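*Asks:* Here is how the chains run, residue by residue.
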Amino acid sequence: MKDDMNHDAYPDNYIRGILNSVKSIAMVGASPVNVRPSYFAFKYLAQRGYDMIPVNPGHVGKDLLGKPFVASLSDIGRPIDMIDIFRNSSHIMPVVEEALTLDPLPKVIWMQLGARDDAAAAKAESVGIKVVMNRCPKIEYGRLSSEISWMGVNSRTLSSKRAPAPTQGMRLSLNRMSVGGGNTAASDRAAKSKTEQS
Amino acid sequence: MSDRLPGFSTLAVHAGAQPDPTTGARATPIYQTTSFVFNDADHAASLFGLQAFGNIYTRIGNPTNAVLEERVAALEGGTAALAVASGHAAQVVVLQQLLQPGDEFIAARKLYGGSINQFTHAFKSFGWNVVWADPDDIASFERAVTPRTKAIFIESIANPAGSITDIEAISTVARKAGVPLIVDNTLASPYLIRPIDHGADIVVHSLTKFLGGHGNSLGGIIVDAGTFDWSTGGKYPMLSEPRPEYHGIRLQETFGNFAFAIACRVLGLRDLGPALSPFNAFMILTGIETLPLRMQKHCDNAKAVAEFLVGHPAVASVSYAGLPNDKYNQLARKYAPKGAGAVFTFSLKGGYDAGVSLVSKLQLFSHLANVGDTRSLVIHPASTTHSQLDDAAKTKSGAGPDVVRLSIGIEDKEDLIADLEQALGA
Numbered sequence: 512m513k514d515d516m517n518h519d520a521y522p523d524n525y526i527r528g529i530l531n532s533v534k535s536i537a538m539v540g541a542s543p544v545n546v547r548p549s550y551f552a553f554k555y556l557a558q559r560g561y562d563m564i565p566v567n568p569g570h571v572g573k574d575l576l577g578k579p580f581v582a583s584l585s586d587i588g589r590p591i592d593m594i595d596i597f598r599n600s601s602h603i604m605p606v607v608e609e610a611l612t613l614d615p616l617p618k619v620i621w622m623q624l625g626a627r628d629d630a631a632a633a634k635a636e637s638v639g640i641k642v643v644m645n646r647c648p649k650i651e652y653g654r655l656s657s658e659i660s661w662m663g664v665n666s667r668t669l670s671s672k673r674a675p676a677p678t679q680g681m682r683l684s685l686n687r688m689s690v691g692g693g694n695t696a697a698s699d700r701a702a703k704s705k706t707e708q709s
Numbered sequence: 081m082s083d084r085l086p087g088f089s090t091l092a093v094h095a096g097a098q099p100d101p102t103t104g105a106r107a108t109p110i111y112q113t114t115s116f117v118f119n120d121a122d123h124a125a126s127l128f129g130l131q132a133f134g135n136i137y138t139r140i141g142n143p144t145n146a147v148l149e150e151r152v153a154a155l156e157g158g159t160a161a162l163a164v165a166s167g168h169a170a171q172v173v174v175l176q177q178l179l180q181p182g183d184e185f186i187a188a189r190k191l192y193g194g195s196i197n198q199f200t201h202a203f204k205s206f207g208w209n210v211v212w213a214d215p216d217d218i219a220s221f222e223r224a225v226t227p228r229t230k231a232i233f234i235e236s237i238a239n240p241a242g243s244i245t246d247i248e249a250i251s252t253v254a255r256k257a258g259v260p261l262i263v264d265n266t267l268a269s270p271y272l273i274r275p276i277d278h279g280a281d282i283v284v285h286s287l288t289k290f291l292g293g294h295g296n297s298l299g300g301i302i303v304d305a306g307t308f309d310w311s312t313g314g315k316y317p318m319l320s321e322p323r324p325e326y327h328g329i330r331l332q333e334t335f336g337n338f339a340f341a342i343a344c345r346v347l348g349l350r351d352l353g354p355a356l357s358p359f360n361a362f363m364i365l366t367g368i369e370t371l372p373l374r375m376q377k378h379c380d381n382a383k384a385v386a387e388f389l390v391g392h393p394a395v396a397s398v399s400y401a402g403l404p405n406d407k408y409n410q411l412a413r414k415y416a417p418k419g420a421g422a423v424f425t426f427s428l429k430g431g432y433d434a435g436v437s438l439v440s441k442l443q444l445f446s447h448l449a450n451v452g453d454t455r456s457l458v459i460h461p462a463s464t465t466h467s468q469l470d471d472a473a474k475t476k477s478g479a480g481p482d483v484v485r486l487s488i489g490i491e492d493k494e495d496l497i498a499d500l501e502q503a504l505g506a
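Read top to bottom, the protein sequences are chains A and B.
In case it helps, the working numbering puts the first sequence at residues 512 to 709.
In case it helps, the working numbering puts the second sequence at residues 81 to 506.
If you're looking for bench data, these hints aren't it; they were derived computationally from the structure.
Just so you know, not all the hints are guaranteed correct.
Here are some of the chain A residues that sit facing chain B, going by a computed Cβ distance under 7 Å [what the hints assert, rightly or not]:
{"#": "1", "residue": "H602"}
{"#": "2", "residue": "E658"}
{"#": "3", "residue": "L669"}
{"#": "4", "residue": "R673"}
{"#": "5", "residue": "A676"}
{"#": "6", "residue": "A697"}
This structure is a prediction, so every number in the text was calculated from the model and none was measured.
Yeah, the Cβ is synthetic: ideal placement off N, Cα and C, and Gly gets one too.
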């Protein structure tokens, strides 16, 4: 793992930088079942303007919200900015190893809420790929834009600026003042101690 | 845009609130509406399936209430919050997510009398069994743990005597038992104590008290610390198992470290119904903006009044953790260094009759059943808030027949002392 990277608590600017810069996202483990988290994260990110590619060998020949499934990362056939892995921790390493064979390399590897593999993260970071673990990009996008505040979630951001009224499918500004002070440090510590126990 | 840490007072004014995107209104608007229009059928289905962020119906969520929720979550250091109609509603909604019929929870014996009543009688009819423990005896919590224990419930500053609970010690018991620690932080408010910093997994409040602060609006809130792993052992099926009412969604898997707050909203508030009026949310939000100023004044006044009472010949004893010789002073210094709160009790040498006489002679203090108002309040717990308990239980919970409870307001302390002096004299 990179010395300066703390995977228990990411600075908002790190997450914001990723979500503001990536355009294409390949989602490994995307499900066509509309009550699975991968389905609605895929749908949300597509609505916010990301170029989404569903990767799932079990569904090749079908499409997800109009985007054709591909069997593997190497089948995408064009550069991708970010790989979002919707698989359990035990299935992360092979996906990361496949990602490292891509040319050009992806800029970001993101492991979903509940998924964490520090060894795989270290491998990716050693070739300059940014890594996020145990987070959901939909939740983080919603948090940094404060859209998620509609559900009473602590966005840990403050702003005295008037935001444009949100409309369906609009990209939202993630550039609000970031407030580590509305902190959730206790939750981060609990996640860390859970990782250490496992 | 830097990750700098704003202070408590900044969060009390700003957290959760931004100018209204539609009108530019700077104060949080009161969205006094029952329901919200969908963009189209797909949007409606996404919202109902918990797949998109947004408003449906005020019994599930409301934009004014959401500002209040985020603000209290930020002040407590939690991941999310849910506002409900009262502190009592908060307790029902929390325990509904944790207990099945036949399960148990351990509660500190020193609690608001209304909570003792709710736990003993109302919850019994749901098959939720309370087991009492003594907050001054940590081992009594350990002894109370059984395989059916699902939660531990304490007050940070406990009713009626303002005693301080050793939150960290009890959180250790909870962790060992594999159950969440619920802390009612009503009497402290996050300005004095942030229970999550000391190991609480869930914080509840009656917003009616110091957070709202003006004695004008009922409300309650549940804060999720995001610290508890609900997936282990199938003990908490509301969070870990597929929910039939949402097409098989598993809340912990989907919402991670704020899954408990979501469960309270989409399984508790939605189906039990104790929604907070947006108007009340607005009143309470306005109150919270001055919480740091008020709370300090409450505490400073309370200390001055307690010191006066200690020196008065008609007073037998004063229970206020802010006094250097008080039994709870060490704990107060550790948990509430800014002040030991503003609710405390004292007993009169003249017993019950002297208590009744005092209450009738006071001119500034109001005789009523509330705490945490700008106004100073007085009550005789034995005949009111704790009247449902038998004499032994009254004494055990600190509400014996000779005890008077004060909630000190933010008036000038000299006037409060003068009022007590005239009422105690002659």
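*Asks:* Starting from the hint list further up, note which numbers the structure goes against and sort them upward.
*Replies:* Number 1 only.
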